[in-house]
Amino acid sequence: MSKDVIALLKENVIQGRKTQDDEGIDESLSGTPGVLELTQSAMEEDIAPEGIITQALTAGMQVVGDKFATKEYFIPDMLASAEAVGAAMDILKPLLEASNVETKGKFAIATVKGDIHDIGKNIVATLLKGAGYEVNDLGSNVPTEKIVEVVREYKPDFLGLSALLTTTMVAMREVIEALKQNNLRDKVKVLIGGAAVSGEYAREIGADAYCVDGFHAIKVLDASHEAKV
Amino acid sequence: MPREGILIDTPYARMTKGQVLQIHQASMQILNDPGLISFNREAAEIFHSNGAEVTSVSTSDHPCWLVKIPEELVLQALDSAPKTVKLGARNKDNSLIMKGEEPRVFFVSGSETNIWLDVDFPTYVKKSDPGTEIRVPEFHPRRGTVADLCQSAHVCEHLETLDGYIRTVNIQDKDITEDNKDVNKFFASLNNTTKHVMSGLTSLKQLDNVVNMAKIIVGGEEELKENPIISFITCLVKSPLQFVDDTTQTFIEICRRGLPIVVSSSPQAGSTAPIKEAGIMAQINAEVLAGITLSQLVNKGTPVLYGSVPVRARMDTLSDSYGSIETSQYNIDCVQMARFYKIPNYSTSGVCDTKTPGQQASIERLFSDILVTLSGPQYLHCAYGLLDCNSVFCLLQAVLDDAHFQMIKFFLRSPRISQVEIDNTLKQIREVVATPQKLYIRYIRPVMRSGEISAPYPFEGDGETDNVFALAYEEMNQLLAKPVKHIDPATTSRIFQEIPGILPRLNIYEERRE
Numbered sequence: 001m002s003k004d005v006i007a008l009l010k011e012n013v014i015q016g017r018k019t020q021d022d023e024g025i026d027e028s029l030s031g032t033p034g035v036l037e038l039t040q041s042a043m044e045e046d047i048a049p050e051g052i053i054t055q056a057l058t059a060g061m062q063v064v065g066d067k068f069a070t071k072e073y074f075i076p077d078m079l080a081s082a083e084a085v086g087a088a089m090d091i092l093k094p095l096l097e098a099s100n101v102e103t104k105g106k107f108a109i110a111t112v113k114g115d116i117h118d119i120g121k122n123i124v125a126t127l128l129k130g131a132g133y134e135v136n137d138l139g140s141n142v143p144t145e146k147i148v149e150v151v152r153e154y155k156p157d158f159l160g161l162s163a164l165l166t167t168t169m170v171a172m173r174e175v176i177e178a179l180k181q182n183n184l185r186d187k188v189k190v191l192i193g194g195a196a197v198s199g200e201y202a203r204e205i206g207a208d209a210y211c212v213d214g215f216h217a218i219k220v221l222d223a224s225h226e227a228k229v
Numbered sequence: 001m002p003r004e005g006i007l008i009d010t011p012y013a014r015m016t017k018g019q020v021l022q023i024h025q026a027s028m029q030i031l032n033d034p035g036l037i038s039f040n041r042e043a044a045e046i047f048h049s050n051g052a053e054v055t056s057v058s059t060s061d062h063p064c065w066l067v068k069i070p071e072e073l074v075l076q077a078l079d080s081a082p083k084t085v086k087l088g089a090r091n092k093d094n095s096l097i098m099k100g101e102e103p104r105v106f107f108v109s110g111s112e113t114n115i116w117l118d119v120d121f122p123t124y125v126k127k128s129d130p131g132t133e134i135r136v137p138e139f140h141p142r143r144g145t146v147a148d149l150c151q152s153a154h155v156c157e158h159l160e161t162l163d164g165y166i167r168t169v170n171i172q173d174k175d176i177t178e179d180n181k182d183v184n185k186f187f188a189s190l191n192n193t194t195k196h197v198m199s200g201l202t203s204l205k206q207l208d209n210v211v212n213m214a215k216i217i218v219g220g221e222e223e224l225k226e227n228p229i230i231s232f233i234t235c236l237v238k239s240p241l242q243f244v245d246d247t248t249q250t251f252i253e254i255c256r257r258g259l260p261i262v263v264s265s266s267p268q269a270g271s272t273a274p275i276k277e278a279g280i281m282a283q284i285n286a287e288v289l290a291g292i293t294l295s296q297l298v299n300k301g302t303p304v305l306y307g308s309v310p311v312r313a314r315m316d317t318l319s320d321s322y323g324s325i326e327t328s329q330y331n332i333d334c335v336q337m338a339r340f341y342k343i344p345n346y347s348t349s350g351v352c353d354t355k356t357p358g359q360q361a362s363i364e365r366l367f368s369d370i371l372v373t374l375s376g377p378q379y380l381h382c383a384y385g386l387l388d389c390n391s392v393f394c395l396l397q398a399v400l401d402d403a404h405f406q407m408i409k410f411f412l413r414s415p416r417i418s419q420v421e422i423d424n425t426l427k428q429i430r431e432v433v434a435t436p437q438k439l440y441i442r443y444i445r446p447v448m449r450s451g452e453i454s455a456p457y458p459f460e461g462d463g464e465t466d467n468v469f470a471l472a473y474e475e476m477n478q479l480l481a482k483p484v485k486h487i488d489p490a491t492t493s494r495i496f497q498e499i500p501g502i503l504p505r506l507n508i509y510e511e512r513r514e
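For the record, the sequence lines run as chains A and B.
Going letter by letter, the first sequence gives residues 1 to 229 in the working numbering.
Going letter by letter, the second sequence gives residues 1 to 514 in the working numbering.
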């Protein structure tokens with residue numbers, strides 16, 4: 001029975017079905033339990049959260065990534081799966097904390113002050129959550145002081161800053177300077193992204209990395225995570 | 001079921017109804033004064049016996065006659081010319097049903113070029129950095145052969161958007177003569193595509209051989225009438241306002257056999273037609289109407305297409321400029337005139353001035369392809385693969401053109417707006433606005449897989465590299481590797497026994513094949 005739940009859970013991650021109301025790619029699954037319901041079932045069957053994550057959620061996301069690489073899947077498919085995995089992680093969180101299982105890392109993300117464009121930031125947040133990171137999404141048009149406060153209190157391993165406009169990208173430099181002034185710069189890796197910025201700009205303002213998109217961000221974070229492990 | 005083509009919901013029109021009428025009236029006046037010069041005796045006699053004023057022109061070196069066609073004769077012809085024309089196909093699902101009043105567009109290849117353009121991709125090494133290599137397409141022109149025509153028909157069979165096949169390349173093999181060219185070009189085309197085949201005729205002496213070949217393929221005379229797998233295009237008019245002797249005779253004989261035929265006129269604004277729009281339009285319309293009138297006088301009910309290939313002259317060379325903006329304007333005007341007469345229209349787009357595939361070719365082609373398609377001609381000779389006006393055919397370009405037409409066809413889908421759609425969308429908007437991230441992305445997936453979202457450009461390169469030609473070349477080779485349904489062995493055998501002049505190497509069931 002447990003194996004069935006794990007197999008079904010993995011399949012529903014691949015299908016990108018968060019709940020039983022979601023349409024996947026395989027129409028025959030319509031109305032059957034989705035990732036949330038199946039995660040709940042797995043928990044009720046006392047399957048260890050590590051097993052749920054590695055054998056179903058991560059294994060499913062691996063298949064999704066492979067399908068994306070071969071252009072069988074597109075970004076909406078990746079996001080649907082990542083969103084489903086992110087929701088599953090939310091309900092697994094208390095169990096993980098109780099059993100002292102660590103996530104891959106804590107990630108805070110914000111669209112900087114003056115900029116309300118948040119599509120890219122939202123996609124990055126969803127993908128990273130689906131990839132197993134604990135994500136704290138601060139929203140858009142976030143004041144520099146607020147970001148500094150979150151870094152101090154929440155202690156993220158990574159800070160993602162997003163800006164679409166050339167007029168707002170300057171706030172990224174402001175954040176990095178404020179982190180330095182508060183002796184927090186060496187506590188967090190700063191990643192920047194958005195249409196207005198580039199690798200060159202990241203180097204210029206002293207960020208740790210520039211990420212082209214959410215997939216690139218996962219690679220950068222995973223590389224850092226593996227280096228730690 | 002015949003091919004669907006693409007129905008234009010609201011055809012683009014340049015001229016007002018009043019302007020259409022003015023052009024019509026001007027054409028009627030032209031047909032009466034100055035009239036047309038016919039270098040063909042039989043045509044002059046046919047017009048004369050039907051009430052036209054015909055006088056011998058004594059000042060010419062060649063015997064010719066001035067024909068003044070009364071309006072009544074033209075109107076009678078327009079009345080008897082079929083308003084629906086069917087072009088059949090070896091595979092009946094590839095038939096084309098064209099209604100003069102219905103702006104349903106079928107995309108067709110053509111025309112006959114002398115030059116075939118080969119492509120290869122040599123590798124170049126960067127002088128300053130020998131570790132860097134790039135592959136650059138090179139184009140090599142040469143005279144077309146019957147093997148090229150086979151390849152072209154083969155690839156066109158597999159081009160999704162291409163609805164019919166006008167032979168693309170003039171076959172100039174050493175063993176091709178005026179006496180065997182027609183049977184070979186029709187057989188090479190028919191044997192490699194199951195779509196409709198249209199061509200001109202090189203020698204009138206070959207007409208019956210070509211028609212008999214078609215009869216053998218479909219099973220007889222009545223079957224050919226019901227399913228005319230071949231049709232003809234004749235340039236009987238030489239602008240301005242002259243019936244050419246030999247092509248007019250060919251035209252008359254094809255009309256007698258009742259097979260579909262295009263009355264084609266190709267005046268050049270600036271040299272063989274007035275440079276201004278009103279002038280070239282009045283003249284080309286008069287020329288086409290004269291041909292339609294002759295077709296109906298020869299054989300009432302002959303299925304004819306109003307064929308328009310107007311073009312503007314280049315100012316630097318006075319040669320044709322198919323890439324000029326005005327050329328598209330004239331073609332769109334002609335579509336309107338044909339629709340005014342309710343006769344299906346053979347129109348032209350996509351012919352470009354440049355000699356090789358590239359940016360200029362793409363810009364010139366897409367510009368006219370989109371605009372002329374929007375006007376709703378029924379039979380759009382949109383020049384898959386044609387370059388350098390009418391001189392060069394490149395198979396790679398034909399594959400690129402197919403991608404253009406996939407985009408155009410997708411764009412021309414009808415709007416999908418209904419109350420059900422509106423209700424579903426309102427529900428979706430309310431759901432998304434209530435979420436923190438406010439993204440509609442999760443709703444994309446079912447739509448994406450239903451085919452309602454256009455595909456990306458098929459020859460898009462990775463990253464910042466433009467790999468269009470290399471990817472299209474791969475696609476071209478894949479299409480060449482795909483089989484086509486050839487004419488069956490028994491029918492092929494009968495054709496080779498009964499139709500003289502077909503090159504033995506075209507028999508794919510024999511050892512030496514092409």
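Since the hints were made in silico from the structure, they are not lab data.
Glycine residues also receive a C-beta, built at the ideal position from the N, C-alpha and C atoms.
There's no promise every hint is true.
[What the hints assert, rightly or not] Some chain A residues near chain B, calculated using beta-carbon distances under 10 angstroms:
{"hint": "1", "residue": "Phe74"}
{"hint": "2", "residue": "Ala80"}
{"hint": "3", "residue": "Thr126"}
{"hint": "4", "residue": "Asp137"}
Evaluated hints:
no.: 1; hint: Phe74; verdict: 7 angstroms, holds
no.: 2; hint: Ala80; verdict: 6 angstroms, holds
no.: 3; hint: Thr126; verdict: 8 angstroms, holds
no.: 4; hint: Asp137; verdict: 8 angstroms, holds
In summary, this structure violates none of the numbered hints.
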